[in-house]
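Colleague: Residue numbers (this note's numbering), protein chains in the order written: chain A, 11 to 586; chain B, 2 to 432.
In case anyone wonders, no lab produced these hints; they're calculated from the structure. All of these numbers come straight from a predicted model, not from anything done at the bench. All C-beta atoms, glycine included, are put in the ideal place defined by N, C-alpha and C. Mixed in with the good hints, there may be bad ones.
To be verified - BS3-like mimics (lysine-lysine), calculated; alpha carbons at most 27 Å apart, straight line: (1) B:K425 x A:K196; (2) A:K160 x B:K372; (3) A:K478 x A:K416; (4) A:K114 x B:K381; (5) A:K160 x B:K374; (6) B:K201 x A:K114; (7) A:K208 x B:K374; (8) A:K161 x B:K374; (9) A:K164 x B:K372; (10) B:K45 x A:K208; (11) A:K67 x B:K201; (12) A:K89 x B:K372; (13) B:K381 x A:K160; (14) B:K425 x A:K208; (15) B:K201 x A:K161; (16) A:K196 x B:K374; (17) B:K201 x A:K164; (18) B:K425 x A:K161.
As the list claims (entries may be wrong) - Ranges between beta-carbon positions, derived for each pair: (19) A:K300 x B:G83: 52 to 60 Å; (20) A:Q31 x B:K138: 42 to 50 Å; (21) A:M11 x B:G83: 48 to 56 Å; (22) A:D78 x B:L73: 16 to 24 Å; (23) A:Q36 x B:G135: 45 to 53 Å; (24) B:T18 x A:W86: 47 to 55 Å; (25) B:A58 x A:M11: 56 to 64 Å; (26) A:D81 x B:E47: 45 to 53 Å; (27) A:D35 x B:E159: 19 to 27 Å; (28) A:W86 x B:A58: 28 to 36 Å.
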Amino acid sequence: MPEVIIDGKRFEYEGEHRLLQFILDQGLEVPFFCYHPSMSAPANCRQCMVKVGQPVKDRETGEYELDDKGDRVIRWFPKLQTSCNIQISDGMVVQTQETDDLVKRAQKDTLEFILANHPLDCPICDQAGECPLQIQTYKYGPEGSRFEVKKVHKPKRVQLGPRVILDAERCINCTRCVRFTNEISKTHQLTITSRGDKNYPVAAPGREFDDAYSLNTVDICPVGALTSADFRFKARVWEMNQTPSIDITNGKGCNIDLWTRDNLVLRITPRQNEEVNDYWMPDIGREAYKIFNENRISRPMQKLENEHVQSSWKNAVETLAEHVEQTDKNDILFIGSPHASVEENYVLMTISDLLAGSTPVFTPHIIDGAGDDFLLTDDQAPNTNGCRLLGLDEQSESELKAAVKKAKLVIMLSDHLIDRGVLETSDFNDTFLAMFATNHGETTKAADLVIPVTTAAEHAASYVNVDKRIQRTVPAKETKYTNRRLDLEMSEGRLDRYGTSFDNWRTEDNKVDCLPLWTISNEITNRLGLDVRFSNGREILSTIADTIPAFSGISYQVIDEHSGIDLNKIEKTVKS
Amino acid sequence: MSTADWKNYEPVLIPNTKDLHKIDVYQQNGGYSALKSVLTDKKKWEGPSDVINEVKAANIRGRGGAGFNAGLKWSFMPPADGGPRYLACNGDESEPGTFKDRKIFEYNPHVFIEGALIAAYAMEITSIYVYIRGEYKDYIDMMQKAVDDAYEKGFIGEDILGSGYSVDFYVHSGAGAYICGEETSMLESLEGKRGYPRVKPPFPAQKGLWGRPTTINNIETLSHVVPVINKGADWFAGIGAKNHPGPILYGISGHVNRPGVYELPSGIPVLELINDVAGGMRNGKQLKAVIPGGSSTPILRADQLDGVTMDSDSLREVGTMLGTAGMVVMDEDTDMVDMLWRIAHFYHHESCGQCTPCRDGTGWLEKILLKIKNGDGEIKDLDLLLDITTQMEGRTICALADAAAWPVRHTINRFRDEFEARCKKSVHAIA
């Protein structure tokens, strides 16, 4: 097998590899700025310099030439090479900063150049704490500055587009943003203007950077030059907890991280998953942080004399139970939701079966033409396939409307059907609508009873995306009834481990008075004398895996190990 | 012809022939006979590879600055696969001190066109682009006229001279950036993009214009192909210096009595070029320094010039290079600090900004030099300048960083007393 020697250690490899990526894949390190694994390597930051050589082979025998000590004779490249754009080849010998002083010096020199015109304002920079330039400078940079002449001053606070703001002074001209619009989103909206140390990225005159994926450039900017108009100066990364989750605004289910502070989701960034979204996500998915924080339903609400009033949980349970008892089971309609998780729909399905002997219906949330051939899909819901695989009764919008008109009691799960134009308020004139929901909307306005349930940021639950890939969320926010230190499903951040209560900003105002659907359903079924009890998402999925073949063998553990599982493969296994 | 006989040399690229830029006059003086010979004389030239071998044997070393053997470069082109292949002719002449290709555009455009056509035929190329600096508006117009005339006469286009060989020729105006003279930046610019040098490999011969095999040659280099075909490789190889043969267009500027472009054999003694060809120093002043081949080539002190000749070997021995043979001559009144700052200013202004060491290094160099120039320099600034040049050299995609670093390093090293004096003066003034 071909081999490459890095800092005296031998590594075997197969296939083609870029040297820098290969070094990183081995758990070793070489500093870099312009390189990004999903884009072309322009080799312009010149930070990833290494010393590269090839062993000399005898032309006639094909054998390696050996020196007096019996070591291979190495022919070194006359200059240091940028490792990002070099393909490794058999026998290649590489020396990084770990073993070569010239490489070390070159990397230090490059950092000195980068810092020459870069503002040294880390304390006020939005990138502080997650800035590769800051980190590499500490690790590989010069100890002081010899730059005693005037820095170049470039434009500040340039609104490149609706969501991205540029501080040109901080730009180190890595061109990652420009290459992103050229190679990934393919809108070609950015370019570099001016020359030399005066250059910076811009959109064409009269145009704005309104790419549907524009905020990815903020993620990949290695300095604080590109910032999110929405998030800039809101929080420091070290004050936030980072929780893995998935995007619930779209059928793709992009892997994301939820960044929380003081129990508010302040930022959403993509989490790398080659199978789904690579390193990227659409801007619209990032705006979902508002869904988790704002306009939340906190405490149950009941309609009295056509006005919503807050109700106690006990009263809500009693009200719903009474209506179930008083309504002929043939007149009860359960509506599942492609916007809710597999577990929630399964809970609804179980109750529906026990109470009405019927299957919940659902209607997909598809907008033709809303998708693109990248990460946006026509499907606006994260779990349409989850509903299908569970066996919910998929109905067209008109069929659903007819079913609602016929029913006397509708129990609906988090699907704002009036807001999305499937139903009208008048459809519920003769119908009691009980709705489990997370946020206020026109549909909850029409509901006679609203029971608040947790969002994807508050519970562990799974979703099946448009490609039939099951992925899951992890709770990132506390509710009135949870505590991140007691909830084992919650991700643990630095502040949880080392911080004080004060550091955590444990503001009670930011906690929503809501429960996971399975918790409140236990109360309802208990009141109705049914023998069914759900503990948590983990156990519910386990039950689903035992009973529904499409989910056979699936558990949170398996999902976590593989960053999501393609259910198409499970289906094939089940069928065979 | 030996170097000593240079006074008897008869120019072939810019001869003293009236109206040679007109195609009829060019033809009357033997123009396009080399092309005709190559395309139609099957006894003499069995195929394109014969032409490459002849050029290789002549040892035409590229006149754009790097001095690579042109024929060898042509032989790097992969075998034709039926797809497009390009010849990109580099007429982006913008290094301070270099102004010789414009003479060809002005006085003898057809010798370049003919040379380019022969090169294209030799490499089985289907399209020729000539990239001319945008500021050369008049020369662009002249070239376009010459190309149009050559099309009309059937030297360019379909089935040239009934040979079955077809090629197109495009005159392309650059937008005025020094970096676009760098070969891969020129390709980017030709493709309509920002002039950024490309990382090599892949080299243009493998992946050039629009990803296709491309050869890039200088205007003067291609023009030399015509006399090589007409008079033979031996004739060319026998002119001037052995390792860097042939005539050269010397562009002489600065404090001499007769600045201008002179076509003479390579290997002429530097002092003869200054004193005999360029008419000696202006106003009877003493010679102080010479930049031999464009502003990026290391400067030489007057006392280094004895026995130095204008060819790569001799110039290398004294720590400089031939470059474009655009010689800048400076007299005793020249202020080296001011001169070096001006050069540094140029490279700072022209850095494309792609690579960190060049983007931020060129500016740093200029600012320190400005500080020294303004009387605020310190001795430690000189060492810092030298250190910065070592941090820049060889660390970038193209050679602009080297071009910016060399003048600084060599001017300080060779005229350090002047720089120190300026620094001491400022310290004294402050004290």
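Colleague: Each hint needs a verdict: does it hold in this structure or not?
Modeller: Structure-based check of each hint:
1. B:K425 x A:K196: Roughly 57 Å separates the two Cα atoms, so the pair is violated.
2. A:K160 x B:K372: At roughly 10 Å apart (the allowed maximum being 27 Å), K372 (chain B) and K160 (chain A) satisfy the hint.
3. A:K478 x A:K416: 33 Å, violated
4. A:K114 x B:K381: Within the cut-off at roughly 24 Å; holds.
5. A:K160 x B:K374: Since the Cα atoms of K160 (chain A) and K374 (chain B) sit roughly 15 Å apart, the hinted pair holds (cutoff 27 Å).
6. B:K201 x A:K114: OK: K201 (chain B) and K114 (chain A) at ~23 Å, within 27 Å.
7. A:K208 x B:K374: Holds: K208 (chain A) and K374 (chain B) sit about 23 Å apart, inside 27 Å.
8. A:K161 x B:K374: Answer holds: K161 (chain A) to K374 (chain B) is near 18 Å, not above 27 Å.
9. A:K164 x B:K372: Holds, at about 21 Å.
10. B:K45 x A:K208: 56 Å, violated
11. A:K67 x B:K201: 24 Å, holds
12. A:K89 x B:K372: Outside the cut-off at roughly 32 Å; violated.
13. B:K381 x A:K160: With Cα atoms ~17 Å apart, K381 (chain B) and K160 (chain A) stay inside 27 Å; holds.
14. B:K425 x A:K208: 32 Å, violated
15. B:K201 x A:K161: 32 Å, violated
16. A:K196 x B:K374: 48 Å, violated
17. B:K201 x A:K164: 31 Å, violated
18. B:K425 x A:K161: 25 Å, holds
19. A:K300 x B:G83: 52 to 60 Å: 58 Å, holds
20. A:Q31 x B:K138: 42 to 50 Å: Taking Cβ atoms as reference, Q31 (chain A) and K138 (chain B) lie about 47 Å apart, which means the hint holds.
21. A:M11 x B:G83: 48 to 56 Å: 38 Å, violated
22. A:D78 x B:L73: 16 to 24 Å: 36 Å, violated
23. A:Q36 x B:G135: 45 to 53 Å: 49 Å, holds
24. B:T18 x A:W86: 47 to 55 Å: The hint (47 to 55 Å, Cβ to Cβ) holds, given that T18 (chain B) and W86 (chain A) are roughly 53 Å apart.
25. B:A58 x A:M11: 56 to 64 Å: Since A58 (chain B) and M11 (chain A) have Cβ atoms about 46 Å apart, the given range 56 to 64 Å is violated.
26. A:D81 x B:E47: 45 to 53 Å: Cβ of D81 (chain A) to Cβ of E47 (chain B): about 50 Å, so the range 45 to 53 Å holds.
27. A:D35 x B:E159: 19 to 27 Å: The hinted range 19 to 27 Å is violated for D35 (chain A) and E159 (chain B), with Cβ atoms some 54 Å apart.
28. A:W86 x B:A58: 28 to 36 Å: About 33 Å separates the Cβ atoms of W86 (chain A) and A58 (chain B), which means 28 to 36 Å holds.
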